[in-house]
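Work out the full structure, taking the sequences as your base and the hints as a guide.
Okay, here's what each chain looks like letter by letter:
2 protein chains.
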Amino acid sequence: MNSIQPKAVVLVSGGLDSCVTAAIANRTHQLAFLHLNYGQRTEQRERQAFEDLARDFGVTECLNVDVTHLARIGGSSLTDPGMAVTEADLENKEIPSSYVPFRNANILAVAVSWAEVIGATALFIGAVAEDSSGYPDCRPEFFEHFNHVIDAGTKPDTHIRIHTPIIHMSKAEIIKTGIDLNAPLDQTWSCYQSNDVACGVCDSCALRLRGFQRAGLPDPLPYATRPVYT
Amino acid sequence: MNSIQPKAVVLVSGGLDSCVTAAIANRTHQLAFLHLNYGQRTEQRERQAFEDLARDFGVTECLNVDVTHLARIGGSSLTDPGMAVTEADLENKEIPSSYVPFRNANILAVAVSWAEVIGATALFIGAVAEDSSGYPDCRPEFFEHFNHVIDAGTKPDTHIRIHTPIIHMSKAEIIKTGIDLNAPLDQTWSCYQSNDVACGVCDSCALRLRGFQRAGLPDPLPYATRPVYT
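Quick note, the sequences are listed as chains A and B, same order.
In terms of our numbering, the first sequence opens at residue 1 and continues consecutively.
In terms of our numbering, the second sequence opens at residue 231 and continues consecutively.
No lab work stands behind these hints, which were simulated from the structure alone.
Careful, some of the hints might be misleading.
Listed next, with one range per pair, are the computed distances between beta-carbon atoms [said to hold, decoys possible]:
#1 A:Asn147 / B:His389: 15 to 25 Å
#2 B:Arg285 / A:Thr225: 46 to 56 Å
#3 B:Arg277 / A:Asn64: 22 to 32 Å
#4 B:Glu291 / A:Asn182: 44 to 54 Å
#5 A:Gly119 / B:Glu291: 54 to 64 Å
#6 A:His148 / B:Arg302: 19 to 29 Å
#7 A:Gly119 / B:Arg391: 28 to 38 Å
#8 A:Gln44 / B:Asp416: 39 to 49 Å
#9 B:Asn377 / A:Asp56: 32 to 42 Å
#10 B:Pro448 / A:Gln48: 53 to 63 Å
What the simulated footprint calls covered on chain A by chain B, stretch by stretch (three residues with Cβ under 8 Å from a Cβ of chain B suffice, anywhere in the stretch; the number is not a length) [stated by the list, open to error]:
#11 63–71
#12 112–120
Bear in mind the structure is a predicted one, so any value in this text is a computation, not a measurement.
We put the beta carbon where it would ideally sit given N, CA and C, even for glycine.
As structure tokens, this is what we get:
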């Protein structure tokens, strides 16, 4: 952290992607960490991962924001207790039931509001186009359009740009990048289902485990089961 | 309300502009009302106005969402108790202290999430470009860019369009339109400062009073003072 560096808000869920994104942002920016609680089943564990990551990166400017109205609005198995979390089907190109409608727009709107107040000029978000199982709000064109919304909707002297440094990486590439940058991957949490031992079978665990397997590296997290994903 | 009509989410703050916008939307759409509590001083009174308006329009599909994180993020006299609400200066072209950074993006993001879940194809918002005292997120280009974000960030079969039917109207024109449509203007609330008798001197009261004066019509609300604005 260098006070001459420009300030960046990093969206840190507590997962692998946001950890590696923070490690990339850390090379060029002074970091501020934003965590969103949108009512997901594993929020308690993700919040802990967020705090562990902030400590590890030495980030003191942190904000936790409750967006649990997304749970009330419903429509997603991540937040609606009435919907089952589907087991992973990595070949499925349909939009999965864990999709929270327009979630990233809600997250980015909060991030821009905070960035404008604290004088940050960059937003880093660990969105991944290929591995995101088809979430429409993880695609590059979504972020490009959102940059135009920021320019049009903030003060004339505010200049905030969204950075998606891992958007074109595979999960294996993200993991290798994290290892190269000494990112604290052991302090992250990815499972959509469980708060203590990762289930190993939800979409998020499957993508993560397959990524480590393809990278030829061991995942430091505990799992209830470690299927081999090809 | 006709079940053949397409469904629209109307953003209803409880003020004059959202009331007239709802009256316009009501001619062509089945309405669902969304109210946001972003921690403004007058939320209690605005919420009452929202409920009165929903009853008057016969709208049963209503959602109240708490976005008080905007208050914690601060930067606005509307939500920050440490900042004074400035008295009106209608000639001032600077962005006023009541500006909540990127507020409309937060509001629209919530509205799109809800619209996608309930199957609405339109969002109506009573933004006004000219009378908005220079809020950047009230300009037509902001909404045009947000429409692109909606297209890019929602499911392929979701088609939601933002409608800003009063954006180019003066306050006097909005009031006349409301009267023409029998909109319940007596049930609205506009004051940024007070919960019972409108102050008459904040930006919002000044714009409203001047609008009624220019329209040559009496404002049905009680005011502590009714300055003549020219």
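Taking the earlier hints as the rules, which of them does this structure contradict? The structure conflicts with hint 5 only, although it agrees with all the remaining ones.
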